[in-house]
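Engineer: Protein chains in written order, with my numbering: chain A, 1 to 126; chain B, 1 to 163.
Derived by calculation from the structure, the hints in this document are not laboratory data. Be a bit skeptical, because a hint or two may be false.
Unchecked claim - Listing some non-contacts, in silico: residues in chain B with all C-beta distances to chain A over 12 Å:
id: 1; residue: 134
id: 2; residue: 151
id: 3; residue: 162
As the list claims (entries may be wrong) - Simulated DEER-style distance windows between Cβ atoms:
id: 4; chain 1: B; residue 1: 162; chain 2: A; residue 2: 26; range: 30 to 36 Å
id: 5; chain 1: B; residue 1: 133; chain 2: A; residue 2: 24; range: 37 to 43 Å
id: 6; chain 1: A; residue 1: 122; chain 2: B; residue 2: 41; range: 44 to 50 Å
id: 7; chain 1: B; residue 1: 96; chain 2: A; residue 2: 112; range: 50 to 56 Å
id: 8; chain 1: B; residue 1: 51; chain 2: A; residue 2: 96; range: 43 to 49 Å
id: 9; chain 1: A; residue 1: 89; chain 2: B; residue 2: 132; range: 29 to 35 Å
id: 10; chain 1: A; residue 1: 114; chain 2: B; residue 2: 130; range: 42 to 48 Å
id: 11; chain 1: B; residue 1: 96; chain 2: A; residue 2: 21; range: 23 to 29 Å
id: 12; chain 1: B; residue 1: 51; chain 2: A; residue 2: 58; range: 23 to 29 Å
id: 13; chain 1: A; residue 1: 114; chain 2: B; residue 2: 43; range: 38 to 44 Å
id: 14; chain 1: A; residue 1: 67; chain 2: B; residue 2: 50; range: 44 to 50 Å
All C-beta atoms, glycine included, are put in the ideal place defined by N, C-alpha and C.
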Amino acid sequence: MRILIVDDSAMMRAMIKRVVALADVPVDEILEAANGVEALAILESHDVQWLLTDINMPVMNGADLLREIARHDKWRGLGKVIISTDGSTTRRAEAAALDVYRYLEKPFSPEVLRDVLTEVVGAGRS
Amino acid sequence: MCSLKLSELVGPEATDVLRGAIADVAEQSFFMAADPCADDRLRDLASESDAWLAATVRFEEAGCAGVVSCLLPDTLARALFDAFNGRDPLDAPPASDEVFDLVGEFANMVCGAWLTRTVNGPAFVLSPPVVQASARDAALDASASARVVVSLNDLPLVVVARA
Chain A
1 MRILIVDDSA MMRAMIKRVV ALADVPVDEI LEAANGVEAL AILESHDVQW
51 LLTDINMPVM NGADLLREIA RHDKWRGLGK VIISTDGSTT RRAEAAALDV
101 YRYLEKPFSP EVLRDVLTEV VGAGRS
Chain B
1 MCSLKLSELV GPEATDVLRG AIADVAEQSF FMAADPCADD RLRDLASESD
51 AWLAATVRFE EAGCAGVVSC LLPDTLARAL FDAFNGRDPL DAPPASDEVF
101 DLVGEFANMV CGAWLTRTVN GPAFVLSPPV VQASARDAAL DASASARVVV
151 SLNDLPLVVV ARA
């Protein structure tokens, strides 16, 4: 399984990577992007199964990234998780319409993220 | 039309919401308790730190805008970094840009948590955090629509919100 983490904070990306390692989930590779444009370039060149993305980012934000992904059939099977400080009902409804699997609101404890990752891996196996 | 009313940013209720957002961020992601800190204690704690940082996030929500700023000594910034990353004190200290990134993310989380609880409906846009060195007096003299002072591990944190 290959995961792509999209967040403009390198520290947040590092934290998520650390939780993935501690969660002991069978992930083959973790890729990183600092914004939606970088994420799309990685998706074009790699077979990614799960996307964990922030919303508020420079260059291209997470909402625009998800809308772009939704426009392409080739990414129809991509699992999507939002990890964002924006917990507004509008944003959550928007995410649901874009087939987002889970919406994780910052702040969160590492244990909550670990549980989401475990669930994600389980969903990937089914 | 802006759904964020100035009245929601002024007064005890707004300050309580901001305090709650700070406490949740500190506890959930940084494993620190946010203790109330009166201005007298702020001045005592602040006197122990010469180097300060200011992390500012600008928000826009349905046509209105404002900022949330976190003002903190460099010692707290590095303590937050260690807590978030589980850094061993014996490891090499983090680079300044890493500390700035982390403090920016802290401010981002505080602003987002506060807005989610304050407007709870419309989506909002947060600018990338701007983190820079700051004078200690900027923290001591900061005034705003909402202002909260707490201590984290006996280190002071001032958070101000302006619409």
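Engineer: Would you mind marking each hint as holding or not holding in the structure?
Structural biologist: Do the hints match the structure? See the list:
no. : hint                         : verdict
1   : 134                          : 20 Å, holds
2   : 151                          : 19 Å, holds
3   : 162                          : 18 Å, holds
4   : B:162 with A:26: 30 to 36 Å  : 47 Å, violated
5   : B:133 with A:24: 37 to 43 Å  : 41 Å, holds
6   : A:122 with B:41: 44 to 50 Å  : 48 Å, holds
7   : B:96 with A:112: 50 to 56 Å  : 30 Å, violated
8   : B:51 with A:96: 43 to 49 Å   : 45 Å, holds
9   : A:89 with B:132: 29 to 35 Å  : 34 Å, holds
10  : A:114 with B:130: 42 to 48 Å : 32 Å, violated
11  : B:96 with A:21: 23 to 29 Å   : 26 Å, holds
12  : B:51 with A:58: 23 to 29 Å   : 27 Å, holds
13  : A:114 with B:43: 38 to 44 Å  : 41 Å, holds
14  : A:67 with B:50: 44 to 50 Å   : 47 Å, holds
In this structure, the hints that do not hold are numbers 4, 7 and 10, in rising order.
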